Amino acid sequence: MALLSVHSTRGNYRFDVAEGRSVREALDLTDVRVRAACGGTGVCGACVIHLISGDVSPPTPAEYLKLGPEQRTAGRRLACQLRLKGDAAIRLERPARVSPWKSIPPENLQPLIGGRADVQTHRLGVAVDLGTTSIRIAVLDRQGGRRIATRYGRNPQGDFGADVLNRLEAARASPKQAAELARLARGAIVRAVRDILARDLGEVTPMLAQIGQVLIVGNTAMLALLTGHGGDSLLDPAYWQNAIDCRPNDQAAWHALWPFPHAEIRVVDPVGGFVGSDLLADVWATGLVAGAAGALLLDIGTNTELALWDGKTLHVTSVAGGPAFEGAGICHGMPAEPGAIFRIQPHGQRYRCQTLGGEPARGFCGSGLVDAVALLLAEGRLKPSGRFAAPVMAEGYRFDPANRSTTVIGADIDAFQRAKAATAAAMSHLLVRAGMGWGDVQRLCVCGAFGRTLNIEHAQAVGLLPSLPVHAIELHSDASLAGCERALLAPQGADDFSELIAKTRLVNLSQTADYEDRYIEQLRLRPMMLGSSVPF
Amino acid sequence: MLNSFIKAYNEAVFETDKDAAFNAVNAALAVGIRAEDVVFKIVIPAVEEMMSSISQDPDANLAQHFMTAQIAAEVTEKMLEKFDHPPEIVGRVVIGTAHGDLHSLGKRIVMGCLKALMVEATDLGANVPAQRFVDEALAHDAQVIAVSAMMVHTAIGENGARKVRRLLRERGLEERIKLIVGGAPYRYDAELFQTVGADAWAADGVSAARTIIHLIEQVKHHEVVANL
Chain A
1 MALLSVHSTR GNYRFDVAEG RSVREALDLT DVRVRAACGG TGVCGACVIH LISGDVSPPT
61 PAEYLKLGPE QRTAGRRLAC QLRLKGDAAI RLERPARVSP WKSIPPENLQ PLIGGRADVQ
121 THRLGVAVDL GTTSIRIAVL DRQGGRRIAT RYGRNPQGDF GADVLNRLEA ARASPKQAAE
181 LARLARGAIV RAVRDILARD LGEVTPMLAQ IGQVLIVGNT AMLALLTGHG GDSLLDPAYW
241 QNAIDCRPND QAAWHALWPF PHAEIRVVDP VGGFVGSDLL ADVWATGLVA GAAGALLLDI
301 GTNTELALWD GKTLHVTSVA GGPAFEGAGI CHGMPAEPGA IFRIQPHGQR YRCQTLGGEP
361 ARGFCGSGLV DAVALLLAEG RLKPSGRFAA PVMAEGYRFD PANRSTTVIG ADIDAFQRAK
421 AATAAAMSHL LVRAGMGWGD VQRLCVCGAF GRTLNIEHAQ AVGLLPSLPV HAIELHSDAS
481 LAGCERALLA PQGADDFSEL IAKTRLVNLS QTADYEDRYI EQLRLRPMML GSSVPF
Chain B
1 MLNSFIKAYN EAVFETDKDA AFNAVNAALA VGIRAEDVVF KIVIPAVEEM MSSISQDPDA
61 NLAQHFMTAQ IAAEVTEKML EKFDHPPEIV GRVVIGTAHG DLHSLGKRIV MGCLKALMVE
121 ATDLGANVPA QRFVDEALAH DAQVIAVSAM MVHTAIGENG ARKVRRLLRE RGLEERIKLI
181 VGGAPYRYDA ELFQTVGADA WAADGVSAAR TIIHLIEQVK HHEVVANL
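Protein chains in written order, with the working numbering: chain A, 1 to 536; chain B, 1 to 228.
For the record, the hints were derived by calculation from the structure and aren't laboratory data. A quick note: this is a predicted structure, and the numbers were derived from the prediction, not measured. The C-beta atom is built at its ideal place from N, Cα and C for all residues, glycine as well. Accuracy of the hints is not assured; some may be wrong.
Claimed, not checked - What follows is a list of derived Cβ distance ranges for each label pair:
{"#": "1", "chain 1": "A", "residue 1": "Ala390", "chain 2": "B", "residue 2": "Lys82", "range": "33 to 39 Å"}
{"#": "2", "chain 1": "A", "residue 1": "Asn249", "chain 2": "B", "residue 2": "Gly125", "range": "30 to 36 Å"}
{"#": "3", "chain 1": "B", "residue 1": "Pro87", "chain 2": "A", "residue 2": "Gly287", "range": "54 to 60 Å"}
{"#": "4", "chain 1": "B", "residue 1": "Lys82", "chain 2": "A", "residue 2": "Met529", "range": "25 to 31 Å"}
{"#": "5", "chain 1": "B", "residue 1": "Pro87", "chain 2": "A", "residue 2": "Ala402", "range": "46 to 52 Å"}
{"#": "6", "chain 1": "B", "residue 1": "Arg169", "chain 2": "A", "residue 2": "Leu257", "range": "22 to 28 Å"}
Using the sequences provided together with the hints, build the complete structure.
This is the structure:
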């Protein structure tokens, strides 16, 4: 990692940057982006910055074309061409407007496989993972099988409530609110796409017309809110074990709301109940059903979804995990964005909080919270009941005495316990319902909120993940988006998801007392017990 | 002697350590303390202690409430098997989640506390029609119907507590059976319980158990007065 210091009109920043990455790519992950109007090829010349000092790559031919000799001797460089070999400092005189959209770190993305020779016109495709808390988007060249760019940002529906039920209720309460909720999600998707087209292709309107397909996966509630269809069914327990139709009532009228004149806009059908098509995309991206029996997948989020492959059937379920792992409902919680504490390590008598992008800590994301709880527990500052041991007071525990945003309070521990108990109980319950035990689990794929930064040993110590051999546990980031991208590039496209649905069996946790017993059993902060097929 | 077991049990409950709680109880039984005394001198005071501490600290940890209520319920259940005579029941309540609502966890804490306090609680489960609440209350000779609702539309909807109230009124049961509601929507609007026709509400599972016992006493008092 190299340290990049940025002096801009908006302030000074320091970021950890992978060596060899361009300054533009690095800043696209943050709030301080350079201006851009091409895909980082040096064609547009908009990303000119001033290099103050540093160990960097020499000017490229593109920079010789775009920058005159005086500019070059004055230290001007193109951010998209400039790569860090070591620490560097730059001045950014005209940063791009602040955007709620950031690029997904490239290391979190899966390589694309193949293009589609059958796609002759309208080559662009848009993959959307519509989550309760965040929206993730990729624009692909479908024919070439190439990713143009990605973005992620918050789902603006959050103003109507962090959890899915509040939003469904708001939509049910009035058609006006329902329309507003749909408009918010749609607007967010469109703005993210426009941001990609403007910055990475250099043109917006002509490129909107080049989009041939938009594929949207998400949990059932998010899909229903987007199309305005299916939400009422979801609020009716009679439907919680049934397929729910989230397709818009009037496809043509719905299509007209989007600025994609030539695109097939498709919401991938959810499995049923609260189990959405984002889970199917996860299953696809991780190759869950392609492999051996005994593969369990966990998509952790506000609406946590699970899938268990027994060799013949894909048992699926969902559970209200609560938004704690996405940083909502936590005093100093935040999504996995720059400035989020994603890892905490003991450091002498104190702790070292590592943040995304190396920025000053603004709060905890899910993996940081897991570390916080596990370390406090291991050192006896926190008891298995979830109570702080004396002398930690009501105001909680501060990991960095100089920074208030590094504090964990009692209510955070409570929210954490309930979220981890729901997750652990759902896993155990699904195994029992499939007639399997922990001994049968060969593979556990953890997708969703934690990305790849989760400390598995810590997650095991607090009872969030089972104490399986570490090699059996895989961390996947952006698996839903990866599955959606694959569908965009597959000849059958979204139809393959229907084949997957045919293999599923939906388990509803809300109608079983066993699940509740397991939930209460899992509330204590301690490793999960895996002894028998029924863990107690 | 008893005091050391009380201390050990209270510590175990405070730590939400079920194994330690059972160890304390088993140790008490091993030295000849009767199951009745375990319940009335160890378990029930611990539940009452929890009830009074929660009113001072309403933000106390919900996870801990789940675990302590579960411990109280399990220990009581085991002890009841060892009672020489069946204990005197304080009263009876039927409890369930409103029609259209499948959130059943909330009432677990109430059930656990009631069980330990010798209130016979019948769990009707989730998504319970109003008619069934009333029918089951009559069948069990219950003094209280407790309706939990976690969503706004099931809390205020026509088929939830409102309909239970209407049925109680139509059948002339309002003095005999009291109606209590609980769940998140009632916390946001402290007067909502009256809007839906309930006699009482509770902000959390632990205080719900206490309020239910008050309602049972009201009904019993009314019966005594009516029979004078």
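Outcome of the hint check:
{"no.": "1", "hint": "A:Ala390 / B:Lys82: 33 to 39 Å", "in the structure": "holds (37 Å)"}
{"no.": "2", "hint": "A:Asn249 / B:Gly125: 30 to 36 Å", "in the structure": "holds (34 Å)"}
{"no.": "3", "hint": "B:Pro87 / A:Gly287: 54 to 60 Å", "in the structure": "holds (58 Å)"}
{"no.": "4", "hint": "B:Lys82 / A:Met529: 25 to 31 Å", "in the structure": "holds (27 Å)"}
{"no.": "5", "hint": "B:Pro87 / A:Ala402: 46 to 52 Å", "in the structure": "violated (58 Å)"}
{"no.": "6", "hint": "B:Arg169 / A:Leu257: 22 to 28 Å", "in the structure": "violated (48 Å)"}
The structure shown violates the earlier hints numbered 5 and 6.
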